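K.L.:
Chains as they are written, first to last, in our numbering: chain Z, 111 to 392; chain V, 47 to 388; chain F, 13 to 159; chain P, 26 to 347.
If you're looking for bench data, these hints aren't it; they were derived computationally from the structure.
In this text the structure is predicted, and so the values were computed from the model without any measurement.
Treat each hint with caution, since some may be false.
Taking lysine-lysine pairs in the BS3-like style, the calculated list, with each CA pair at most 30 Å apart, reads [stated by the list, open to error]:
#	chain 1	residue 1	chain 2	residue 2
1	P	K45	V	K273
2	Z	K193	P	K90
3	V	K277	Z	K112
4	V	K170	F	K157
5	V	K277	P	K45
6	Z	K193	F	K158
7	P	K73	V	K388
8	Z	K332	V	K106
9	Z	K345	V	K254
10	V	K254	P	K73
11	P	K74	V	K273
12	P	K199	V	K388
13	F	K158	Z	K148
14	F	K157	V	K106
15	V	K254	P	K159
16	V	K277	P	K125
17	V	K273	P	K93
18	P	K168	V	K99
Residues on chain P that point at chain F, a partial pick, calculated with CB under 10 Å [to be verified]:
#	residue
19	V153
20	F155
21	F214
22	F225
23	E257
24	L261
25	D266
26	H280
27	G283
28	K310
29	S311
30	L330
31	N334
32	D337
33	E339
34	E340
Idealized CB from N, CA, C, for every residue including glycine.
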Amino acid sequence: MKENVYLPSLARIVDIKLESGGSRPIKTFRLELVDEKKKKEFSYRAGQCVMVGLLGVGESMFALSSNSMVHDFFEVSVMRHGKVTSALHEAEIGDVLSVRGPFGNSFDVESWKGKDLLFVGGGIGQAPLRSVIGFVLDKKNRADFGSIDVLYGASDEGALCFLDELNNISCRDDVNVHLSVDCSSESECQYFVGFVPDNLARLKPDAKNCVAITCGPPVMIKVTIELLESFGFSKDQIFTTLEQRMKCGVGKCGRCNIGGVYVCRDGPVFSAREIEGMQGDF
Amino acid sequence: MKELFICTKDLEQFLNFCCRDAKLLGPVRDNQGVVRFCQASSVSELVLEDAAKSNMSAKKAVLAQTEVLFSFANGDDGPSVSDVEEKDRVVVVGLRPCDARGIWELDRVFSENVDEGLYARRRKNVALIGMSCIKPDVTCFCSSVGGSPGGQQGLDLLLSKVDDGFVVSICSDVGEKLVTEASMISDALKEALNKRDETLKNAEESIKKSVKTQGVEKHLESVFNSKYWEKVSESCIGCGVCTFVCPTCYCFDMQDESDRQGGVRLRIWDSCMYPEYSVHASGYNPRPDRLNRLRNRVFHKFVWMKNEYDFFGCTGCGRCVRLCPVNIDIAELVNGCWEAKK
Amino acid sequence: MSDDTSCEVFEPNIVAFLCNWCSYAGADLAGTSRLQYPANVRVIRVMCSGRVNPMFVINAFMEGADGVLIGGCHPADCHYDQGNYFARRRMALLRDLLEFIGIDPKRLSVTWVSASEGGNFAEVVRSVTEQVKILGPMQQLRREKKW
Amino acid sequence: MVELQEKLRGVVADLLENEKLSYVIGYQAASFGVGTRPLFIRSKEDVKKLVFSPLCSANLVRYLKYRKPEESVGVVVKGCDSRAVVQLIQESGVNREKVKLIGVSCAGVVEAEKVQNMLPEGSSFELVGFDEKKLDFVVDNKKISVNRSEVSLERCSCCEYQTPVVYDVLVGEKRDAAEKYRYSEVEDFEKHSLEERWEFWTAQFEKCIRCYACRNACPLCYCPQCMAELLEPQWLLRSVDSSECGGWNIMRAMHLAGRCIGCGECERACPVDIPLMLLNKKLEKSCLSRFDHKAGLDPKGKPVLAAFNPNDPEEFVMSGEC
Chain Z
111 MKENVYLPSL ARIVDIKLES GGSRPIKTFR LELVDEKKKK EFSYRAGQCV
161 MVGLLGVGES MFALSSNSMV HDFFEVSVMR HGKVTSALHE AEIGDVLSVR
211 GPFGNSFDVE SWKGKDLLFV GGGIGQAPLR SVIGFVLDKK NRADFGSIDV
261 LYGASDEGAL CFLDELNNIS CRDDVNVHLS VDCSSESECQ YFVGFVPDNL
311 ARLKPDAKNC VAITCGPPVM IKVTIELLES FGFSKDQIFT TLEQRMKCGV
361 GKCGRCNIGG VYVCRDGPVF SAREIEGMQG DF
Chain V
47 MKELFICTKD LEQFLNFCCR DAKLLGPVRD NQGVVRFCQA SSVSELVLED
97 AAKSNMSAKK AVLAQTEVLF SFANGDDGPS VSDVEEKDRV VVVGLRPCDA
147 RGIWELDRVF SENVDEGLYA RRRKNVALIG MSCIKPDVTC FCSSVGGSPG
197 GQQGLDLLLS KVDDGFVVSI CSDVGEKLVT EASMISDALK EALNKRDETL
247 KNAEESIKKS VKTQGVEKHL ESVFNSKYWE KVSESCIGCG VCTFVCPTCY
297 CFDMQDESDR QGGVRLRIWD SCMYPEYSVH ASGYNPRPDR LNRLRNRVFH
347 KFVWMKNEYD FFGCTGCGRC VRLCPVNIDI AELVNGCWEA KK
Chain F
13 MSDDTSCEVF EPNIVAFLCN WCSYAGADLA GTSRLQYPAN VRVIRVMCSG
63 RVNPMFVINA FMEGADGVLI GGCHPADCHY DQGNYFARRR MALLRDLLEF
113 IGIDPKRLSV TWVSASEGGN FAEVVRSVTE QVKILGPMQQ LRREKKW
Chain P
26 MVELQEKLRG VVADLLENEK LSYVIGYQAA SFGVGTRPLF IRSKEDVKKL
76 VFSPLCSANL VRYLKYRKPE ESVGVVVKGC DSRAVVQLIQ ESGVNREKVK
126 LIGVSCAGVV EAEKVQNMLP EGSSFELVGF DEKKLDFVVD NKKISVNRSE
176 VSLERCSCCE YQTPVVYDVL VGEKRDAAEK YRYSEVEDFE KHSLEERWEF
226 WTAQFEKCIR CYACRNACPL CYCPQCMAEL LEPQWLLRSV DSSECGGWNI
276 MRAMHLAGRC IGCGECERAC PVDIPLMLLN KKLEKSCLSR FDHKAGLDPK
326 GKPVLAAFNP NDPEEFVMSG EC
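All chains, please: the whole structure from these sequences, using the hints.
P.N.:
What follows is the structure, given as structure tokens:
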């Protein structure tokens, strides 16, 4: 008998980190599958998503935000917004969650080998990028890639996520981190003040032998892609991950389609070329 | 496959025999005069002649409107989950070939690409005994979308009315099994078969509605951004009738129901015509207007399903045409796209 | 369970929505005055009887209440001037509707109890409990447990 | 009949041109059979498609909520439809200055499906005339009459407002109220015991598929977020079973209490024919007897549940006094 794809595994919260506060706080949950055998078998690739839920509340799809080279645990970063995410934010270390997945495709890191990488993230959109940044910076992988630039921005200082980690990697001499905030209340802001694409325009990255990976609010993605193209990036050099409302995770429940493509099943990672060819509402 | 014959007077007995040790689902007429596929205790409760006019299709036999996906319990040592058990055997009697074709489509949707597992468990316990369509309704257009009044797709047995009885076509191994040991059936005579063929031909010819579907999946793509969609969606009131009465609409919502001891995760039919269906947690909705939602529905049925499975997600049963409170006619809508300006 | 309870007495669940300023204070007074009244009521404090949405009542029935009591200030005494007048209209219609679909309207009681009427509150609870006891357990509208 | 329709076409064409309306909402022939469906008239060509007959049952007022703020539109209203407009005015749900009401007096609409069933099969159906008693059709060149009383709707047979209560232009003669007593159905049902009533309504609620056609067809259900779909707080579970569907039907009826103007769109839209008007009429009767209130008549009035009278009856209120 075929397995019931809706039957979840159970995972325990082993750590919770408050990434940013404000009215829409973001927390990163470190999870471990309860079942030892499943825990050993669980693996995923950067860019993939998991359905994380609370039994009795419901489940939501989240991008895996941890380095996929680490197998003992996995992490999701969650912004408090709806019913499930609010309940997740109330959860404590030791609580057991339901997990299904991983789902979807992933970043084709194999094809990026030998190339420079440019990450452009905004807000909670940094979560899937964090996973792939973790992967490429992993000791085993770093030598496979050229220079690495990380652009990241949020609405204000308080909303910047993963700040410790970003500060840590910015100390490395093989990574350049460029942080920005949309607006700052402080008189002397330590970050670039302006939207993420403004920061990108300032940096004028070289398209040659470079791959750009972007994720953030739909408007930011749109503007970023246009801007990158103006710098000479071809549509095949730009990758992004899309989000839609999701329920089933396996392309059955219908709602996450963009044209004939189901984001949960065929995505969430798409090249700008693939997005150009999509017909549908997004 | 084999073709048998049964006299009209023996039909009820025969069908009851086929439903032995299984739940019976068939067209039942309620006090308001509405025909729906419902559970019945005997074939005598069914209105087999009027099944073509049933407002709710037989879809729920394989995809219940509310269905448990799994259950969970909150024990002292934390929560545990348990898979659903196998469902009872069900025999659906009296569904028309369009409804059966709908189930045949669902079979592929739920098993291809990712086999979700759950659907197949229920499906293998469901047998379908269909009835040929002798008198298509004014809203029927099955022959335009790959079906026919005597279509056998999805069915296990097909009964076709002839003068004094029914030709019983065996369409599958399951059907073969159903009729073994049925004493009241005999081999169909040549005359009966000829009569059946003639009746079905007449039925097919009496279908008035038609949709120009040749190459429509390509053409629709070319008019995706047409003003046409604005015009046709203007009268849509955004209810879910078209999707809920449709034999092929399968989209669903997932919700939890629980108390302190435990609960279930359910799937419940959902409708792409609701704004809530696609709205993000952030409040952003990729399909904010009736235009987007109606276009999405038409494209899903006539473009994307065609591209993915090589069939249209529409079996021409005509229910959405007949039951839409404002008569948005999908056949007319698809035909109209050929004249739409790009 | 001992033998003498084998003929089980039905103890109804009654959900009481009491307004903060009068009825809740009345219930409080009943308590501090040590008045005895049946322990079947589960009190939910609302700021005003006018806050009670008909769906509060329906949800109470769905989730296991056998009776619902709504308590507000006496007419003309509402802390918010008019809230109880609105509640009165709303509940009158809800009772009519429930009766029309076959739910005994005695399952939905409305009362006015002031902050000084502890005794009246106890009395109302006694009559409501008696009334619902006679009606027996509510079967209608109950949520089906699927697990 | 042709006369009424021609007159209406003339009025619409005139309004469209002289009042600079973005569109006028009227009726056109359905895609099959004898029925009608909404038509959005933007041009002279569209005016030719406009029809009006007892087969025009839809309440077009519900489309006013889709009107863009800058648009001036026209809408064809029957008596009941016009009351929906008044009710919307009471609730500040419509900008009267931006809406031209084309009133048509109506002797009641008929059920298209019933008419269809009384006609022979054919490929073309044309309504060539109608009066108080009958409808004359030509089906494939054959003339056939249908007795109006056999196909008319219950809600129309006891309609009190056959002439629109508010309009800018009136087409047709003013009409008096229908003679039949309005609440005989409700009172007949009230003769049943509580048990019998519940048995009847559970059977109805169990049929409900929660497609929300009743809500969406209603001219007065315009909330941007319906309580039925809220997840926080969740008043109704999504499960489609008798308790949740019962809850939904009670919720819908209560939200229309004292607001329902009796156009019957909910019942007509329901794909499983739940007799929703029976619930609506019961509440309408309650509002009338308890509060002497009728919905959708006085543009300056208040919805019944947004108003009160200190002397409202309170025979049901329990007294704690011993």
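K.L.:
Now look at each hint and say whether the structure bears it out.
P.N.:
For each hint, the structure was consulted:
Simply put, P:K45 and V:K273 have alpha-carbon atoms about 22 Å apart, close enough for the 30 Å limit, and the pair holds. This hinted pair checks out: Z:K193 and P:K90 have alpha carbons roughly 29 Å apart, not beyond 30 Å. Using a Cα cut-off of 30 Å, the hinted pair V:K277 and Z:K112 is violated, with the two alpha carbons roughly 45 Å apart. The suggested pairing of V:K170 with F:K157 holds, with an alpha-carbon distance near 26 Å, which does not exceed 30 Å.
Distance hint between V:K277 and P:K45 is fulfilled; the C-alpha atoms sit about 20 Å from each other, no more than 30 Å. Of the supplied pair hints, the one linking Z:K193 and F:K158 holds, its CA atoms being roughly 22 Å apart against a limit of 30 Å. Note on P:K73 and V:K388: the hinted pairing holds, with a Cα-Cα distance of about 26 Å set against a maximum of 30 Å. Simply put, Z:K332 and V:K106 have alpha-carbon atoms about 42 Å apart, too far for the 30 Å limit, and the pair is violated.
Using a Cα cut-off of 30 Å, the hinted pair Z:K345 and V:K254 is violated, with the two alpha carbons roughly 49 Å apart. A distance of roughly 25 Å separates the Cα atoms of V:K254 and P:K73; the hinted pair therefore holds under the 30 Å criterion. Distance hint between P:K74 and V:K273 is fulfilled; the C-alpha atoms sit about 20 Å from each other, no more than 30 Å. For the proposed pair P:K199 and V:K388, the alpha carbon gap of about 47 Å is over 30 Å, so the pair is violated.
Restraint check for F:K158 and Z:K148: satisfied, since their Cα atoms lie roughly 28 Å apart, inside the 30 Å limit. For the suggested pair F:K157 and V:K106, the alpha carbons sit about 21 Å apart, so the restraint of at most 30 Å is met. Of the supplied pair hints, the one linking V:K254 and P:K159 holds, its CA atoms being roughly 28 Å apart against a limit of 30 Å. The suggested pairing of V:K277 with P:K125 holds, with an alpha-carbon distance near 21 Å, which does not exceed 30 Å.
In summary, the hint linking V:K273 to P:K93 is supported, as the alpha carbons are separated by about 17 Å, within the 30 Å threshold. The suggested pairing of P:K168 with V:K99 holds, with an alpha-carbon distance near 27 Å, which does not exceed 30 Å. Hint on P:V153 is violated. Least Cβ distance to chain F is approximately 43 Å, over the 10 Å limit. The interface hint given for P:F155 is broken, as the beta carbon of that residue sits about 36 Å from the closest beta carbon of chain F, more than 10 Å.
Interface restraint check for P:F214: the shortest CB-CB distance to chain F comes to about 7 Å, inside 10 Å, so the restraint holds. Residue-level restraint check for P:F225 holds (minimum Cβ-Cβ distance to chain F is 7 Å; threshold 10 Å). Interface hint at P:E257: violated, since its Cβ lies 14 Å from the closest Cβ of chain F, which is beyond the 10 Å cut-off. Hint on P:L261 holds. Least Cβ distance to chain F is approximately 8 Å, under the 10 Å limit.
The restraint placing P:D266 at the interface with chain F holds, with a minimum CB-CB distance near 5 Å, inside the 10 Å limit. Because the closest C-beta pair between P:H280 and chain F is about 9 Å apart, less than 10 Å, the hint holds. Checking P:G283 against chain F by beta carbon gives a least distance of about 7 Å; that is within 10 Å, so the hint holds. At its closest, the beta carbon of P:K310 sits 8 Å from a beta carbon of chain F; the interface hint therefore holds under the 10 Å criterion.
The interface hint given for P:S311 is met, as the beta carbon of that residue sits about 4 Å from the closest beta carbon of chain F, less than 10 Å. Below 10 Å, beta-carbon pairs count as interface contacts, and P:L330 has one with chain F at about 6 Å; its hint therefore holds. Proximity of P:N334 to chain F holds as hinted, the smallest CB-CB distance being about 8 Å (cut-off 10 Å). With a cut of 10 Å, the hint placing P:D337 at the interface with chain F holds, because the nearest CB-to-CB distance is about 6 Å.
The beta carbon of P:E339 comes within 6 Å of a beta carbon in chain F, closer than 10 Å, and the hint placing it at the interface holds. Checking P:E340 against chain F: minimum C-beta separation of about 9 Å stays under 10 Å; hint holds.
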